[in-house]
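Residue numbers (the working numbering), protein chains in the order written: chain X, 14 to 622; chain Y, 726 to 990.
Note that these hints are calculated values from the structure, not bench results. Be aware that one or more of the hints could be misleading.
[As the list claims (entries may be wrong)] Output of the computed footprint for chain Y on chain X, the stretches with three or more beta carbons under 8 angstroms from beta carbons of chain Y:
1. 393-402
2. 491-497
3. 507-513
4. 539-552
Owing to the predicted nature of the structure, the values given are computational and were not obtained by experimental measurement. Each residue gets a CB set at the ideal place from its N, CA and C atoms; glycine is no exception.
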Amino acid sequence: MNEVLTGLVILVVGGLATLFLNHRWVALVTAAAGFLTILQGCGLVLALQTPQSLELPWAVPGGSFSLVLDPLAAFFLAPAALLGILASIYAVGYFPRPGRRSTWFFLHLMMAALGLVLLARNGVLFLVAWEVMALASFFLVTSEDEQRQVRQAGWIYLVATHLGSFFLIAFFAIAPDFGQSGVGPVAFVLALIGFGSKAGLVPLHIWLPEAHPVAPSPVSALLSGVVINTGIYGLMRVLSHPPEHARAIGWTLLLVGAITALTGVLFALAQRDLKGLLAYSSVENMGLVCLGLGLGLLGQPLATAAAMLHLLSHGLLKSLLFLAAGSVLHQTHTRDLEEMGGLLRRMPLTGLAFLVGAAGLAGLPPLGGFITELLLLLCAVQAMQHNLLAGLVTLLTVALVAGLALAAFTKAFGIAFLGEPRSQRAARAHDPGPLMLTPMALLALGALGLAAGTPWLLSRTYPEQSAVLASLLSFTGLVVALAAALYALRSQLLKTRPVGAAPTWGCGYLAPSTRMEYTGLSFSQPLTDLFASVLHHRVHQPRMEPIFPAEETFSDETPDLFEDEVYRPMLEGLVRLSGLLRRLQHGRVQFYVLYVLVTLVGLLAWGQL
Amino acid sequence: MSLVLAALLSPLLLGIITRVKAWFAGRRGAPLLQPYHDLLRLVQKGAVYSHTTTWVFKLAPSVCLACSLGAAALLPSRALPTLLLACSLLALQRFWMVLAALDTGSSFEGMGASREVHFSALAELGLLFSLAVSLSQQQPSLLVGLALFIVVLAESARVPVDDPNTHLELTMVHEVMILDHSGPDLAYMTWAAAIKLWVLGALAASLLSPGLSLLELMGVQIGLALAIGVVESSVARLRLLRISELLATASALAALALLLQTRGS
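Given these sequences and hints, build the entire structure.
Here it is in C-alpha cells:
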C-alpha cells in the first residue's frame with residue numbers, strides 16, 4: 014500500500030516538476046520511478062492475495078480518505094503501471110521538442126488519478142479521482158487543439174464523461190458502500206450507465222471513436238489500453254458481492270455486451286481512419302468483456318475468468334497497435350488508410366509489431382484473442398445445457414465477431430502495410446528510433462508471453478481447462494515449428510533453381526499504377542453492404558455525365574448509427590424544446606416588466622388565499 | 726496416422742472431383758493421379774516473385790500448409806476444444822492467405838481476399854453453430870448435415886460459392902488469391918487447399934457420425950468428393966450477392982436443428 018501511494022505521489026510531483034523543468038527526461042525518470050514503485054506494491058498484494066488498507070483523516074462532508082488495495086484493484090493497477098512505463102518511453106520519442114509544457118503534466122496526473130480511482134473506497138473520494146482522471150484525459154485528447162476535428166472530439170468527450178459522472182453521483186448516493194454489499198436493480202442500472210459510458214458500451218460509446226483517434230498516439234494507447242478498463246473495474250467492483258436479481262443483471266450484461274461487440278466490430282470494419290478502426294475495435298473488445306461478465310453471472314464462472322484475461326490481453330495488444338499506428342502517423346502524417354500502403358518494406362519493425370497486434374485481436378492462435386474466444390465458446394456450449402438462449406447469443410456473437418475481426422484486421426494490416434504506397438509520404442516513410450521501437454517490441458513479446466502464461470494463470474482455479482489450454486497452445490507451437498521447417502525446405506529447394514523478379518500479374522497489363530490497387534473501402538465493401546442496415550455507409554459517387562466529364566471528387570463516410578439516429582434527434586428535440594423558452598425570453602424589456610407585474614399580482618393573490 | 730492419410734490422400738480427392746465432372750460432361754477426363762503429378766512438377770520448378778511483395782508473401786505458403794497439416798492431425802475428434810483449435814488453425818491459414826494476396830498489390834488478388842473474408846465470416850458462423858448443435862445431441866440430424874455440406878462447399882472454394890475452373894480473374898475467389906504464387910510456393914498452396922478439403926470432410930464426418938475408423942473416414946471422404954463433383958456438374962455458381970443468403974441459410978438450418986432438438990427433449 015505504502016509503495017503504491019509513494020508511486021502515486023512521485024507521479025504527481027514529477028508531473029508538477031515537468032511544468033517548471035520542461036525536459037522530457039525529467040518526465041521519463043519520474044514516470045519510471047513512480048510506475049515501478051506502484052508495480053512493486055501491486056506485486057506484493059497479488060502474490061500474497063491479502064488486501065491492504067489505509068484510512069487518513071479527510072475533512073470533507075460525507076467523504077473519508079479510505080483506500081484499499083485488494084487483488085482486484087491490483088489486477089487493474091499492475092498492467093496500468095506497466096503500460097504507463099512503456100507509453101512514457103514511447104512518448105519521449107514521439108512528442109515534438111520542445112513540445113507543450115502541459116502534456117507531460119496531464120499524462121502523469123491522469124495516471125495518478127487512475128491509481129486513486131482503483132484504490133478509493135469512499136464515494137466522494139472516488140468521484141474526485143474519477144473527475145480528475147476525466148479532465149486530465151480531456152486535456153490530453155485536445156493536445157492538438159489547433160485542429161477543428163480535435164476540438165469537436167474533445168467537446169463530445171467532455172459532455173459524455175460528465176453525463177457518466179452524473180449517473181455515478183446518483184449511484185453513490187444510493188449505494189455509498191461501493192461493492193461491500195449486493196446492489197439493487199436501480200443502483201445497478203445507474204452504475205451500468207455511469208461505468209458503461211467510460212468503458213464505451215453501446216449506446217454510450219459514441220465519444221470513444223471520436224476521442225481516441227485524435228489524441229496523440231501514446232495517449233491513445235493508454236486511453237484504449239488502460240483508462241477504459243476503469244469502467245469495467247467499476248462494474249466488477251459493484252458486482253463483487255453477489256447482487257440481488259443476479260439473473261436479470263447477468264442477462265443485461267450479456268445482451269449489452271453482445272450488442273456492443275457486434276456494433277464495434279462492424280464499425281471498425283467500415284473505418285478508413287486507421288486509429289478510428291482501432292478505437293471501434295476497443296468498443297468491440299469491451300463488449301466481449303461485458304458479455305463474459307454477464308455469462309459469468311448466469312452460472313458460468315469460467316466466462317468471468319475469460320473476461321478478465323481478455324482485459325489483460327486486449328490492454329497489451331491495443332496499446333501495441335496504437336503505438337504502431339502512432340509510428341505510421343508520425344511518418345506519413347495521415348490516419349487515412351487509403352493514403353498508406355507498402356509500409357512493411359519501409360518500416361519493417363513497426364510492421365512486424367502491428368502484425369502481432371492484428372493477429373492477436375483477430376482471435377488467431379496462439380495469442381490472447383484466441384484464448385478468450387475459445388473459453389467463451391466452451392462456456393457457451395456448456396450454458397446451452399440449461400440456458401439455451403444465453404449460450405446461443407454468446408455463440409452467435411463470438412462466432413460473428415471472430416470472422417468480422419479477421420476481416421477488419423486483415424484490412425488494417427493489408428491496406429496500410431502491404432502492396433504499393435498510395436501517397437508520396439507513405440513512400441518516404443521509415444522506422445522510428447529505438448525509443449519508439451523498444452516499447453512496441455516489449456509489448457509484442459509481452460502479448461506472446463501472456464498467451465503462453467495463461468494456462469499457469471488459470472491453473473489454480475480451473476486446473477482442468479488450464480491443462481486443455483496448455484496442450485492446445487503447445488500444439489500451436491508445433492504448428493509454428495512445422496511452418497518454420499517447411500519454409501526452410503522451400504528455401505533449400507529454391508537455392509538451386511532460377512528465382513526471378515517481375516511485376517505483379519495484372520492480366521497481361523504491364524504498367525499498373527498504385528491507383529489501380531484494391532483500396533480499403535473496396536476490400537470491406539461486400540461486408541459493409543451486407544450490414545448496410547446497421548452501417549449506413551454513405552458514398553458520394555462522382556457523376557460521369559458527359560463524354561468528357563469534368564474533374565470530380567469521391568468521398569465516403571460511415572457515421573455512427575447511434576450518433577445519427579439516437580443522439581442527434583434527441584439533442585435536436587432538446588434544442589427545439591428549449592426554443593420554446595425563447596418565446597418568454599425575447600429581449601423586449603417592457604414584456605419583462607410585465608412578467609414582474611404578473612408575478613407580483615399572482616403572489617399577492619396567493620397571499621390573500 | 727490421420728495426418729499421414731490426409732497429407733497423402735487429399736490430392737486424390739481433387740482427382741476424383743475432376744473425374745466426376747468429366748464423366749458428367751461426357752469426357753474421359755484427366756487421370757485420377759493428375760493432382761500428384763501437378764504437385765511434383767511445381768515442386769521441381771523455380772519461382773518468380775513480384776517486385777511489390779515482402780516476406781509475408783514468401784512465408785505465407787509455409788504457414789498455410791502447416792495450418793492445414795496441423796488441423797488434419799487434430800481430426801477426427803469430438804472434443805470441443807480440439808475442434809475449436811482446428812477451426813482457429815483454418816482461420817490462421819485464411820489470415821495469411823489473405824495477407825499474401827494483399828501483399829501483391831494486385832486489384833484482382835485484393836478482390837479475392839475481400840470475398841474470402843466476406844464468405845468465411847459467414848461460413849464460420851454456420852460451422853460453429855453446427856459444431857455446437859451436434860456436440861449437444863446424440864443422433865446426427867439431417868439439418869446439421871445439410872448445413873455442414875454448405876459450409877464445406879464454401880470453405881473449400883467450390884461451386885456454388887466459388888468456381889475453381891473459371892478462366893476469369895474477376896470471378897474467382899480462392900484461385901485468384903494465389904495467382905502470383907509459383908513453383909514450390911504454389912505447390913504448398915495447392916496442397917494446403919487439398920488438405921483443407923480433407924480436414925473439412927473429417928470435421929463434418931466426426932460431427933455427424935462419431936467413432937469412425939480411419940478406413941470408414943476414407944470412404945466418407947471419397948463419398949464427399951463424389952458429391953462435390955455431382956454438385957459442381959449440376960449446379961451453376963451463385964451470383965456473389967446471393968452467396969451471403971446461402972451461407973446464412975446454413976446457420977439458420979443449424980439453429981433450427983438446435984431448436985427442434987430442445988423442443989423434442
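Closer than 8 angstroms, Cβ to Cβ, for at least three residues: run that test on the segment 539-552 of chain X against chain Y and report holds or violated.
The restraint on the segment 539-552 of chain X holds, since 3 of its residues have a Cβ under 8 angstroms from chain Y and three suffice.
Are 3 or more residues of the segment 491-497 of chain X near chain Y, judged by a Cβ distance of less than 8 angstroms?
With 6 residues closer than 8 angstroms to chain Y, the segment 491-497 of chain X meets the three-residue bar; holds.
Within 8 angstroms of chain Y's CB atoms, at least three CB atoms from the segment 393-402 of chain X: coverage verdict
Check passed, 5 qualifying residues.
Are at least 3 residues of the segment 507-513 of chain X within less than 8 angstroms of chain Y when you compare beta carbons?
holds (count 5)
Checked against the numbered hints given earlier, this structure breaks none of them.
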